[in-house]
Amino acid sequence: MTPKKLFNLFAKCEAVTWTLLISALLLRAVAVDPILVTLAGGTHGAIFLGYAVAALLVGINQRWGFGLTALAMALAIVPFATIPLEQKLNSGSKLLGDWRKNSSDDPRDKFWIDQLFRWFISRPIFLILVLIVSLTAIFAFLLLLGPPDQWFRDN
1 MTPKKLFNLF AKCEAVTWTL LISALLLRAV AVDPILVTLA GGTHGAIFLG YAVAALLVGI
61 NQRWGFGLTA LAMALAIVPF ATIPLEQKLN SGSKLLGDWR KNSSDDPRDK FWIDQLFRWF
121 ISRPIFLILV LIVSLTAIFA FLLLLGPPDQ WFRDN
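Every letter in the sequence shown is one number past the one before it in our numbering, and letter 40, counting from 1, is 40.
There's no promise every hint is true.
Calculated cross-link-like contacts (lysine-lysine; reagent style DSS-like; alpha-carbon spacing at most 30 Å) [as the list claims (entries may be wrong)]:
id, residue 1, residue 2
1, K101, K88
2, K5, K88
3, K88, K12
4, K5, K94
5, K5, K101
6, K88, K4
7, K4, K101
Ranges of calculated distance between the beta carbons of each label pair, as one might list FRET restraints [unchecked claim]:
id, residue 1, residue 2, range
8, T19, G67, 25 to 31 Å
9, P148, T19, 17 to 23 Å
10, S122, A31, 48 to 54 Å
11, L145, W119, 31 to 37 Å
12, A31, R123, 46 to 52 Å
13, Q115, L27, 47 to 53 Å
14, F139, D105, 38 to 44 Å
15, P148, F80, 15 to 21 Å
16, I132, P79, 22 to 28 Å
17, V133, R28, 30 to 36 Å
It is worth saying that the hints were derived from the structure and are not from the lab. The C-beta atom is built at its ideal place from N, Cα and C for all residues, glycine as well.
Construct the complete structure from the given sequences, taking the supplied hints into account.
Structure representation (structure tokens):
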């Protein structure tokens, strides 16, 4: 899977899960079972985290720089904002190319983050396992915190 395919997949999935979550919230408002919000919220949360990781990996691989990478990650917070970004990146050259598994003459390849990145990208099964464990831990921690609207309430 190329960086472009990975980013496009998660950008679209992020928008779809926003649709599911908003639809479930609207249905809950008209007295449909609130379990739909739980299911849609959990699905959206998992895809949200996956999109953030995909944006980070692709941003590092494509050398977007901190600003564009952070923007790509932050746009997941805004409903459907990943779609215009995906279209903008696809219209330019920001998603072209394959994974950078080998060092080149580019001086940026000497930075520790690029070396670590290439090490993980060259071991995709290990990378996927690390990501699954890490994202599961983050997801479990967020579930422990409860719904975001209750994070800062006094009990």
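Right, here's what the structure says about each hint:
no., hint, result
1, K101 with K88, "holds (26 Å)"
2, K5 with K88, "holds (15 Å)"
3, K88 with K12, "holds (14 Å)"
4, K5 with K94, "holds (12 Å)"
5, K5 with K101, "holds (17 Å)"
6, K88 with K4, "holds (12 Å)"
7, K4 with K101, "holds (16 Å)"
8, T19 with G67: 25 to 31 Å, "holds (28 Å)"
9, P148 with T19: 17 to 23 Å, "holds (19 Å)"
10, S122 with A31: 48 to 54 Å, "holds (53 Å)"
11, L145 with W119: 31 to 37 Å, "holds (32 Å)"
12, A31 with R123: 46 to 52 Å, "holds (50 Å)"
13, Q115 with L27: 47 to 53 Å, "holds (49 Å)"
14, F139 with D105: 38 to 44 Å, "holds (40 Å)"
15, P148 with F80: 15 to 21 Å, "holds (19 Å)"
16, I132 with P79: 22 to 28 Å, "holds (26 Å)"
17, V133 with R28: 30 to 36 Å, "holds (32 Å)"
Checked against the numbered hints above, the structure breaks none of them.
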